[in-house]
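Asker: Spelled out from the first residue to the last, the chains are:
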Amino acid sequence: MSIHIANVTKRFGEFVALDNVSLDVPSGDLLALLGPSGSGKTTLLRIIAGLEHADDGVVRYEGEDVTQKAPKDREVGFVFQHYALFRHMSVFENVAFGLRVRNAPKAEVNARVKELLHLVRLEGLGSRYPAQLSGGQRQRVALARALAVRPRMLLLDEPFGALDAKVRQELRQWLRQLHDEMHVTTVFVTHDQEEAFEVADHVVVMRAGKIEQAGSPQDVFDHPASPFVMDFLGQVNVFHGRLQAGQMHVGNIAVNYPEYTHAESRDATAYIRPHEVELDRLPIDGTSLPVKVLHVNPAGAVTRVKVLSEAFGWSLNVELRPERYAELALRPGDNVFAVPKRVRVFMSDDYAI
Amino acid sequence: MQPKPTTHQTAVRRGPPTEPLWVQRFLIGAAVLVLVVLIVVPVLNIFAYALQDGVAAYFKHLTGDPDTWHAIKLTLFVAPIAVVLNVLFGIAAAWLLTRFSFPGRTLLTSLIDLPFAVSPVVAGLMLVLLFGAKGWFGPYLQASNIKIIFATPGLVLATMFVTLPFVARELIPVMQAIGPDEELAAISLGANGWQMFWRVTLPNIKWGLLYGIILCNGRAMGEFGAVYVVSGHIAGQTDTMPLRVEKLFQDFNLPASFAVASLLTLLSLVTVALKVILENWKDENVSE
Chain A
1309 MSIHIANVTK RFGEFVALDN VSLDVPSGDL LALLGPSGSG KTTLLRIIAG
1359 LEHADDGVVR YEGEDVTQKA PKDREVGFVF QHYALFRHMS VFENVAFGLR
1409 VRNAPKAEVN ARVKELLHLV RLEGLGSRYP AQLSGGQRQR VALARALAVR
1459 PRMLLLDEPF GALDAKVRQE LRQWLRQLHD EMHVTTVFVT HDQEEAFEVA
1509 DHVVVMRAGK IEQAGSPQDV FDHPASPFVM DFLGQVNVFH GRLQAGQMHV
1559 GNIAVNYPEY THAESRDATA YIRPHEVELD RLPIDGTSLP VKVLHVNPAG
1609 AVTRVKVLSE AFGWSLNVEL RPERYAELAL RPGDNVFAVP KRVRVFMSDD
1659 YAI
Chain B
12 MQPKPTTHQT AVRRGPPTEP LWVQRFLIGA AVLVLVVLIV VPVLNIFAYA
62 LQDGVAAYFK HLTGDPDTWH AIKLTLFVAP IAVVLNVLFG IAAAWLLTRF
112 SFPGRTLLTS LIDLPFAVSP VVAGLMLVLL FGAKGWFGPY LQASNIKIIF
162 ATPGLVLATM FVTLPFVARE LIPVMQAIGP DEELAAISLG ANGWQMFWRV
212 TLPNIKWGLL YGIILCNGRA MGEFGAVYVV SGHIAGQTDT MPLRVEKLFQ
262 DFNLPASFAV ASLLTLLSLV TVALKVILEN WKDENVSE
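Sequence order for the protein chains is A and B.
Residue numbering for the first sequence follows this note's numbering, starting at 1309 and increasing by one per position.
Residue numbering for the second sequence follows this note's numbering, starting at 12 and increasing by one per position.
Just so you know, these hints were derived from the structure itself, not from any lab.
Careful: at least some of the hints might be erroneous.
Unchecked claim - In silico negatives: residues of chain A with every beta carbon more than 10 angstroms from chain B: (1) Asp1373; (2) Lys1422; (3) Gln1445; (4) Glu1466; (5) Met1490; (6) Gly1542; (7) Gln1543; (8) Gly1554; (9) Ser1623; (10) Glu1631; (11) Phe1645.
Said to hold, decoys possible - Heads up, incomplete: computed chain B residues facing chain A, CB under 10 angstroms, no partners named: (12) Ile189; (13) Gly190; (14) Glu193; (15) Ala196; (16) Ala197; (17) Gly201; (18) Asn203; (19) Arg210; (20) Val211; (21) Asn215.
We treat Cβ as the ideally placed atom computed from N, Cα and C, and that holds for glycine.
Same shape as in the complex, but just chain A (with noise of 0.2 angstroms):
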């Protein structure tokens, strides 16, 4: 079932929570609201869920306004990021609820749980209480809670937060599998970039209460429309120089920036991801920057290196290849060159830090 969310405003008092949003959720899709905490992100989850009523804007599903109705009605399946099991009933109980305040047949209820009980692998724990179940575990319980009703959508705040490293991995590409397998729509709000990007068809960017970018998670990493996006995904080298007539000086690097054509000069900065930045032993040509290493760390996947620009006393951080660290053989105190293979550069006005 698809989502239309038009032109939702929220106030908590003087806050504004959500700032003439608008978004589309198509059906099937499986979509993450990123963004830091206070993003608003959380509040429209709610507000699509119906426990959080807009001041104003219209929530539609698939055409239908649901903007007045009551989250009973709504027959959406909501996550919380705590969990909020009940407390006091067995995990089978918790899983029937839905079933039971509907009077569900007594048989209707116990296969239905059976069965979801099945599909978030937690067969022979249904007499449990959740006190006695881990995280991972009671994750699954409010997933299949939300599931047994069989909602329109999923939606699910902040789903992985509570978990450690390793549980959250695999939860997070069981919910990819379990998506994959149900094509319910699903919103899920998270902070992570990681996540979102690992699990999500469509990523949204949230900032103070706006929506600062939509798009696939290919689409906003390699084309973030804002240099807030730029540095929220993930680690970036900020570096702020001069704009003038289609070029960006950055020391004496050089960026190509044809949307500028003025002659007039005037401040700008650059992102450079680490894994965007070469290092080689010899000058390729006039872009390259002479730096010094400072520190490398090979644990991982790939090789961090931290580099200094003595001339313009910038520190760099540089992610290499495994192999082509080995192949550069660094040291601390060793001295080569820094080549940024792809720079962005964001007007200052744009985003004030």
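Fit chain B to the known structure of chain A by using the hints.
Answerer: Quick look at chain B alone, frame taken from chain A:
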């Protein structure tokens, strides 16, 4: 008196005490002395006096005097009504104060505590000034032939006022600690308001609620000041047990007075015992 919240988080210090022996003995001795002088001796004394003429005389004092018997029945009638009404009020108030934010919320929270601060006698007087013959509603009540002051409704009102904070005060911290998420989850799963309350809210607050009921009941049965003012002290009509104790005492009918007092004490002891049993039971149930 402020009831303790039911979510016990007593910090128990493990290991042997580190204080010098004489400090330990002094502190323990002082605590025991206070308990014995203030509680154990007086309570035992009541039973000793009450039973001094034997068990037969004791029961005759309680059941033989129609006025005393009426007072017992009246107390056992008024207290439960006050408790039930306070349960309804307490749940509603705790709900309002913990699940909604609105202007005046803090003020309302303090208002609930007001009966703890106001002297019961003043509370009784307030009711007389409102509902008495010369009170605000007096003429209207007389015209409609409704009796509140010097009648059972007045007793219920006075008892309710004095015990008003007990249930709400117990529930507010419990409901605050539990938070609204489970209730929201129930709603999002399709429960209506009643289903949410009976299936999710009530099971979560039941221990706090029972605790509040027990405390409220204990206080309701023993209430003297406010009831004294509104009852008019009519033997066989508006005398409750505490009032009857006082009247018999003033009439120098000490054995009868102590007999009623002992029964009242017994009811309180039962209340306290129920509370203790409940706490143990709860601890077992929670840590299953």
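Asker: Closer than 10 angstroms between Cβ atoms is the bar; does Arg210(B) clear it against chain A? Give me holds or violated.
Answerer: holds (7 angstroms)
Asker: Determine whether the non-interface label on Glu1466(A) survives the test: each CB of chain B must be over 10 angstroms from its CB.
Answerer: holds (13 angstroms)
Asker: Confirm or reject: Ser1623(A) is not an interface residue toward chain B, with every Cβ-Cβ distance exceeding 10 angstroms.
Answerer: The claim holds: Ser1623(A) sits with its nearest Cβ about 45 angstroms from chain B, beyond 10 angstroms.
Asker: Please check whether Ala197(B) passes as an interface residue: C-beta within 10 angstroms of a C-beta belonging to chain A.
Answerer: Nearest chain A Cβ about 7 angstroms off; hint holds.
Asker: Checking a non-interface call: every C-beta of chain B should be farther than 10 angstroms from the C-beta of Lys1422(A). Is that right?
Answerer: holds (18 angstroms)
Asker: Let me know if the C-beta of Val211(B) comes in closer than 10 angstroms to any C-beta of chain A, holds or violated.
Answerer: Check passed: Cβ of Val211(B) comes within 6 angstroms of chain A, closer than 10 angstroms.
Asker: Just double-check Glu1631(A) for me: nearest Cβ-Cβ distance to chain B has to come out over 10 angstroms.
Answerer: holds (49 angstroms)
Asker: Can the hint on Glu193(B) be confirmed by a CB-to-CB distance to chain A that is less than 10 angstroms?
Answerer: holds (5 angstroms)
Asker: Given Ala196(B) as an interface hint, is its Cβ closer than 10 angstroms to any Cβ of chain A?
Answerer: holds (4 angstroms)
Asker: Minimum Cβ distance from Asn215(B) to chain A below 10 angstroms?
Answerer: holds (6 angstroms)
Asker: Are all beta-carbon distances from Gly1554(A) to chain B longer than 10 angstroms?
Answerer: Check passes; 54 angstroms lies beyond 10 angstroms.
Asker: For the restraint on Gly190(B), tell me whether the closest CB of chain A is nearer than 10 angstroms.
Answerer: holds (8 angstroms)
Comparing the model with each numbered hint stated earlier shows that all of them hold.
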